[in-house]
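Could you put the whole structure together from the sequences, leaning on the hints where they help?
Residue numbers (the working numbering): 1108 to 1219.
FYI, nobody ran anything at the bench for these hints, they're computed from the structure.
Please read all numbers here as calculations on a predicted model, not as lab measurements.
Among the hints, a few may not be true.
[What the hints assert, rightly or not] Restraint-style ranges between C-beta atoms, simulated for each label pair:
hint : residue 1 : residue 2 : range
1    : GLY1209   : ARG1132   : 54 to 62 angstroms
2    : ALA1120   : THR1182   : 42 to 50 angstroms
3    : LYS1196   : ALA1218   : 32 to 40 angstroms
4    : ARG1163   : MET1195   : 51 to 59 angstroms
Glycine is no exception: its CB is placed at the ideal position from the N, C-alpha and C atoms.
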Amino acid sequence: MADVMLKTRTYGAGRICKVDGCGTRLSAYNPSSVCALHGGAWREDLQRTARRAAQREEISRRCAFDRCGREFTTTNPAKKYCSDACRMKAFQARMVESRRTGAAATPVRRAS
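Put into structure tokens, the structure is as follows:
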């Protein structure tokens, strides 16, 4: 029973998109009679993305990096920093602080 392999369904080689003027060859694994360009899925994705972007309103925030504090506007509610530079500097400051407190809290044990 375990040796039985299911055969992948194919839809014939050499099929061409039904839309007039389109010469795209369809994959043997594509059950549709039209290519991806004429299927309409890409159009729906583009419209969905545009709707999401239009629904977001601008938010005014202060940069979360202590040394900056600059005010900036964004449509992304998760954005905390005014720039990549501030985001990276804040990360580096957190790493330095964690190393400093981690080294003081736990003594280093070395194998003998």
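For the pair ARG1163 and MET1195, does the Cβ-Cβ distance stay inside 51 to 59 angstroms? 25 angstroms, violated
Outcome of range test on Cβ distance (GLY1209, ARG1132; 54 to 62 angstroms): 59 angstroms, holds
With respect to the beta-carbon atoms only, verify the hint that LYS1196 and ALA1218 lie 32 to 40 angstroms apart. 36 angstroms, holds
Does the beta carbon distance between ALA1120 and THR1182 stay inside 42 to 50 angstroms, or does it fall outside? 47 angstroms, holds
Comparing the model with each earlier hint shows a violation of hint 4 alone; every other hint is respected.
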